[in-house]
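So you can see what is in the structure, the chains are spelled out below.
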Amino acid sequence: MSKARVATLWLDGCSGCHMSLLDMDERLLELAGKIEMVFSPLVDQKEFPENVDVALVEGAVSSDEDLEKILKVRARSKLLVSLGDCAVTANIPSMRNPFKVKDVLDRAYIENATLNPGAPVDAVPTLRPQARPIHEFVNVDVFVPGCPPSADTIYFVLAEILEGRVPDLGAKTRFGA
Amino acid sequence: MSQAVRVITLTMDGREISARGDQTVLQVARENNMYIPTLCHLTGLARVGSCRLCLVEVKGINKLLPACVTRVEEGWEVSLNSERLSKYRKSILELLFSERNHVCAVCVSNGHCELQTLAQTLGMTHVHFAYRYPRLAVDGSHDRFVVDHNRCILCTRCVRVCDEIEGAHTWDLLGRGVNAQVITDLNQPWGESDTCTGCGKCINVCPTGALVEKGKSVREMTKQRQFLPYLTLMRERRW
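In order, the protein sequences belong to chains G and Z. Each number in our numbering corresponds to the 1-based position in the first sequence with 724 added. Each number in our numbering corresponds to the 1-based position in the second sequence with 63 added.
Among these hints, one or two may not hold up.
[As the list claims (entries may be wrong)] Straight-line distance between alpha carbons at most 20 Å, and here's what the computed SDA-like set of lysine to any residue pairs gives: (1) Z:K153 with G:G894; (2) Z:K150 with Z:N125; (3) Z:K286 with Z:N213; (4) Z:K153 with G:N775; (5) G:K824 with Z:V201; (6) G:K896 with Z:R115; (7) Z:K279 with G:A901; (8) G:K826 with G:S787; (9) G:K824 with G:R852; (10) G:K826 with G:T838; (11) Z:K122 with Z:T87; (12) G:K824 with Z:R115; (13) Z:K277 with Z:V169; (14) G:K896 with Z:G186; (15) Z:K122 with Z:T106; (16) G:K758 with G:S787; (17) G:K896 with Z:G174; (18) G:K793 with G:K826; (19) Z:K122 with Z:H175; (20) Z:K153 with G:H859; (21) G:K826 with Z:L185; (22) G:K802 with G:T838; (23) Z:K150 with G:G894; (24) G:K826 with Z:R198; (25) G:K793 with G:S726; (26) Z:K153 with G:L746; (27) G:K896 with Z:Q183; (28) G:K824 with Z:N213; (29) Z:K277 with Z:F208; (30) G:K896 with Z:K126; (31) G:K824 with Z:A200; (32) G:K896 with Z:V201; (33) Z:K153 with Z:T184; (34) Z:K150 with G:D892; (35) Z:K126 with Z:R115; (36) Z:K277 with Z:H205; (37) Z:K279 with G:I816.
[Stated by the list, open to error] Partial list, computed: chain Z residues near chain G (C-beta under 10 Å): (38) V166; (39) Q183; (40) C262.
Treat the hints as calculated values from the structure; they're not laboratory data. For each residue, glycine too, the CB sits at the ideal point set by N, CA and C.
Hey, can you work out the whole structure from these sequences and the hints?
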């Protein structure tokens, strides 16, 4: 059997879900025999490849760049997993949503700055008016709540998917877990 | 119990059950260890049937009935957990989550929250509706307590416990529909309330992290509910 082509994507989140993924410890070795990691912040690959079997997406859609990425990932992946509360609910990134982007940037980069006040304008993606969950932009196949979902939960999700089953998470995870 | 109360028989999820005619569907289900989800209901407080999570199906009756305020009747065939009910209950939870800003990860009640637990129990993994992300106030003017309207689901447990058990009626509702919110006195800051006795009952009956003690960090706020049945009993005896 050929290895499943798995990718992970990091949008507006803290990377905690990726840390949780690495927390699988020795089970990573077992998975390494079954999957090929074709794109991830953890591997050196610049362009999201075609024909991905499973894409695990961490983080909310907060910037124009996030939106471009998630559309591309959806188009190139068979199965898209919304991994963690930021992807599923927009979670902590969404706490800026009741405010205007300019007010948020002013608060962070001007009001509270002691050195070089001023919001960055070059070389960073433009923030969208609100951080939103990814299923508001693309179809999502599997939802995995948790902040972050535990290593056990992520392993269970991957193992079930590799066996051709839809993971039934039940008591394994919850919002804020 | 008055002598006129009859014993009746009915079925719940196919199980034959005897009950007193003055009991509610919820009481009978709980007595028989059968699960019906609830949120606004709390034993010891007046029943308002407002959250609609406890809706059940009765054969031959077209509309769904709220188990917490519906008396059982002879011969009823009640379904507690059909697919249709499960769908409605999940939708209710999704509406609650999308209406305000429930960020479990950074909530003082994370791990001790009835809304969060229900989402897990009922298998609500995401919200189909568009989140509103409203801008809502946090009132920390009281010496010991905080009300965070971002996390309030308008169950009115605080209103009822303050009125019915403490007898202060500090809490009430202001506005209608999506603009409704709980207020202290005549919509004054909690810390300036003339009627609040600082008893903390509202804190402990609140199902989420909307009413909490000051100084608690993420996951630290646990609620104590043991006092409620005793106080209810004592009030009944005295009055």
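Hint check:
1. Z:K153 with G:G894: holds (14 Å)
2. Z:K150 with Z:N125: Between K150 of chain Z and N125 of chain Z the Cα gap is close to 17 Å, so the pair holds against 20 Å.
3. Z:K286 with Z:N213: holds (18 Å)
4. Z:K153 with G:N775: Status violated; Cα separation ~34 Å.
5. G:K824 with Z:V201: Holds. K824 of chain G to V201 of chain Z sits at ~19 Å (cutoff 20 Å).
6. G:K896 with Z:R115: violated (27 Å)
7. Z:K279 with G:A901: Satisfied, since the Cα-Cα distance of roughly 18 Å is no more than 20 Å.
8. G:K826 with G:S787: holds (14 Å)
9. G:K824 with G:R852: holds (10 Å)
10. G:K826 with G:T838: holds (19 Å)
11. Z:K122 with Z:T87: With a Cα-Cα distance of about 17 Å, the restraint between K122 of chain Z and T87 of chain Z holds, given a limit of 20 Å.
12. G:K824 with Z:R115: This hinted pair is violated, its Cα atoms lying about 35 Å apart.
13. Z:K277 with Z:V169: Distance of about 15 Å is within 20 Å: holds.
14. G:K896 with Z:G186: Distance ~11 Å between K896 of chain G and G186 of chain Z Cα, so the pair holds.
15. Z:K122 with Z:T106: violated (27 Å)
16. G:K758 with G:S787: Measuring from Cα to Cα gives roughly 34 Å; hence the hint is violated.
17. G:K896 with Z:G174: holds (13 Å)
18. G:K793 with G:K826: Violated - the C-alpha atoms of K826 of chain G and K793 of chain G are around 24 Å apart, more than 20 Å.
19. Z:K122 with Z:H175: violated (36 Å)
20. Z:K153 with G:H859: holds (17 Å)
21. G:K826 with Z:L185: violated (39 Å)
22. G:K802 with G:T838: violated (47 Å)
23. Z:K150 with G:G894: This hinted pair holds, its Cα atoms lying about 16 Å apart.
24. G:K826 with Z:R198: holds (16 Å)
25. G:K793 with G:S726: Measuring from Cα to Cα gives roughly 27 Å; hence the hint is violated.
26. Z:K153 with G:L746: violated (32 Å)
27. G:K896 with Z:Q183: holds (9 Å)
28. G:K824 with Z:N213: holds (18 Å)
29. Z:K277 with Z:F208: holds (5 Å)
30. G:K896 with Z:K126: violated (35 Å)
31. G:K824 with Z:A200: Roughly 16 Å separates the two Cα atoms, so the pair holds.
32. G:K896 with Z:V201: violated (32 Å)
33. Z:K153 with Z:T184: Given pair K153 of chain Z, T184 of chain Z holds - Cα atoms ~10 Å apart, limit 20 Å.
34. Z:K150 with G:D892: Given pair K150 of chain Z, D892 of chain G holds - Cα atoms ~17 Å apart, limit 20 Å.
35. Z:K126 with Z:R115: holds (12 Å)
36. Z:K277 with Z:H205: holds (9 Å)
37. Z:K279 with G:I816: holds (19 Å)
38. V166: holds (6 Å)
39. Q183: holds (4 Å)
40. C262: Violated, about 29 Å.
Of the hints listed earlier, those the structure fails to meet are numbers 4, 6, 12, 15, 16, 18, 19, 21, 22, 25, 26, 30, 32 and 40, in rising order.
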